[in-house]
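Take the sequences, apply the hints, and build the full model.
Chains as they are written, first to last, in the UniProt record's numbering: chain A, 1 to 243; chain B, 1 to 243.
No lab work stands behind these hints: they were computed from the structure. Predicted model, so just to flag it, every value in this text is computed and none were measured. Accuracy of the hints is not assured; some may be wrong.
[Claimed, not checked] Reference excerpt, derived from the structure (chain B facing chain A, CB under 8 angstroms, subset only):
| id | residue |
| --- | --- |
| 1 | Q16 |
| 2 | L91 |
| 3 | L95 |
| 4 | V106 |
| 5 | V235 |
| 6 | G239 |
| 7 | Y240 |
[Claimed, not checked] With beta-carbon atoms standing in for the labels, derived distance ranges:
| id | chain 1 | residue 1 | chain 2 | residue 2 | range |
| --- | --- | --- | --- | --- | --- |
| 8 | A | P54 | B | G231 | 38 to 46 angstroms |
| 9 | B | V36 | A | D39 | 18 to 26 angstroms |
| 10 | B | M55 | A | E144 | 23 to 31 angstroms |
| 11 | A | D39 | B | E67 | 22 to 30 angstroms |
| 12 | A | H181 | B | E67 | 25 to 33 angstroms |
| 13 | B | K57 | A | R229 | 22 to 30 angstroms |
| 14 | A | E15 | B | E197 | 45 to 53 angstroms |
| 15 | B | E101 | A | V59 | 52 to 60 angstroms |
| 16 | B | E197 | A | K173 | 31 to 39 angstroms |
| 17 | B | E67 | A | K71 | 53 to 61 angstroms |
| 18 | B | K42 | A | E15 | 18 to 26 angstroms |
| 19 | B | L137 | A | R229 | 17 to 25 angstroms |
Heads up, the beta-carbon is just placed ideally off N, CA and C, and yes, glycines get one too.
Protein chains: 2
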Amino acid sequence: MNKIYVVGIGPGEYEQMTLRAIHALENCDTIVGYTVYVDLVKEHFAGKEFLTTPMRKEVDRCILAFEEAKKGKTVAMICSGDAGVYGMSGLMLELGENYPEVQVEVIPGVTAATGGAAVLGAPLIHDFCLISLSDLLTPWEKIEKRLLLASEADFAICLYNPSSKKRHDYLKKACDLMMQHKSQETVCGIVKNIGREGETYQILTLKELRDTEVDMFTTVFIGNSQTQRIGNAMVTPRGYRHD
Amino acid sequence: MNKIYVVGIGPGEYEQMTLRAIHALENCDTIVGYTVYVDLVKEHFAGKEFLTTPMRKEVDRCILAFEEAKKGKTVAMICSGDAGVYGMSGLMLELGENYPEVQVEVIPGVTAATGGAAVLGAPLIHDFCLISLSDLLTPWEKIEKRLLLASEADFAICLYNPSSKKRHDYLKKACDLMMQHKSQETVCGIVKNIGREGETYQILTLKELRDTEVDMFTTVFIGNSQTQRIGNAMVTPRGYRHD
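Now the structure itself:
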């Protein structure tokens, strides 16, 4: 059986992997991934073959994995967070049509939204949206529309890819759009390096977030109208009525 | 130190817990939870004290946990999925204000959205929303508004609590609302008993979903305009442009 596991390794530290993910990596011959993620797991899976490709070479990475599996190797394709949230599982299933002899199994993990939420407290207890600010594959107009409608619907919002070298003002633009429907005082949070060395977080208002610089290792959380700051935690209640 | 871990145990099977969650349960004296979830973990943590409360007694369950921690015990409050997604971490942090001597640590897990997505393929690869159809604590009008605006924004949508004895027609109502903005042919998926005995899934159109009965152990996925059926998988592409 030619088999590929597409594995979400969680935020980064070994402790936050699921047992299922650990067992898949233990049972495979070859671990394929983006260089940074392979470096995160390498020490825990000695004796495996490691193959890496740079960022944005996702199609090449998938083909590499399928070609190894075709040779009869059991392959694990690793992704940070969850393989199914801005991860590789979709592309693997799309390209898998060309490799009918290879079975693809997706193994979920803790994504940055829930990993970061746990660091901040409980910002995503109730209905929420995930929106990526990367316009590499999505027109910015589509992202704008989602930010506006999600804010109008009073969702808590978690932003992935809030910044990059080319997109240094996107978070500011996103905050301005959200402030068309959300109060400037909405409780927000940012978490940097979730589950990795140098993990830090900050709770601030939407207005303050607008003028905050974040990097690509940061996940951003915007509360709904009920979200509160309780001590050092960002907490969204379970609903709008009280018991 | 009086300590409570609020632990997301993932979909249900031991294999899908994170190492961090397993270590928290191993290191605690007392495990508190809803009866069904305690039964899921009991066999793996022999020798612990187990305390349970019935469904909907969430406040009582939290107070029970804090009172045990006050006595000096290390307590784990367990939730299915992720503790921060329709889970107990928010209420624990709210009630924690009354117990300043007790430290609360939230440990994330695999939530039904990403656990179920992995079963279906890759429905949540791109921007998505989580919406609960339970109107126990949220006015139905608010839920309607979210369904409409999320559909208008072309989000993939994952529905939690799609049905209960009292709310048997809510999924039908939700589908009718979503069809105001989404095509009847939108690719959808349902997963029952994610990561538990009797796990099953089905891929169908939004129109077919409208006339499908689901139970409270089912999680529902509605694709965006780009979502496809590939073989037996539900796959949302990474964006709207192609490489």
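So, going through the hints one by one against the coordinates:
1. Q16: holds, 5 angstroms
2. L91: holds, 7 angstroms
3. L95: violated, 10 angstroms
4. V106: This interface hint holds because 4 angstroms falls under the 8 angstroms limit.
5. V235: Check passed: Cβ of B/V235 comes within 5 angstroms of chain A, closer than 8 angstroms.
6. G239: holds, 3 angstroms
7. Y240: Holds. Min distance 5 angstroms.
8. A/P54 with B/G231: 38 to 46 angstroms: Violated, at about 30 angstroms.
9. B/V36 with A/D39: 18 to 26 angstroms: For B/V36 and A/D39 the Cβ distance comes to about 40 angstroms; the hint is violated.
10. B/M55 with A/E144: 23 to 31 angstroms: violated, 41 angstroms
11. A/D39 with B/E67: 22 to 30 angstroms: Roughly 45 angstroms apart at Cβ, these two residues miss the hinted range, so it is violated.
12. A/H181 with B/E67: 25 to 33 angstroms: Check failed, 41 angstroms falls outside 25 to 33 angstroms.
13. B/K57 with A/R229: 22 to 30 angstroms: holds, 27 angstroms
14. A/E15 with B/E197: 45 to 53 angstroms: Given range 45 to 53 angstroms: violated, Cβ gap about 27 angstroms.
15. B/E101 with A/V59: 52 to 60 angstroms: holds, 54 angstroms
16. B/E197 with A/K173: 31 to 39 angstroms: violated, 48 angstroms
17. B/E67 with A/K71: 53 to 61 angstroms: holds, 59 angstroms
18. B/K42 with A/E15: 18 to 26 angstroms: holds, 23 angstroms
19. B/L137 with A/R229: 17 to 25 angstroms: holds, 21 angstroms
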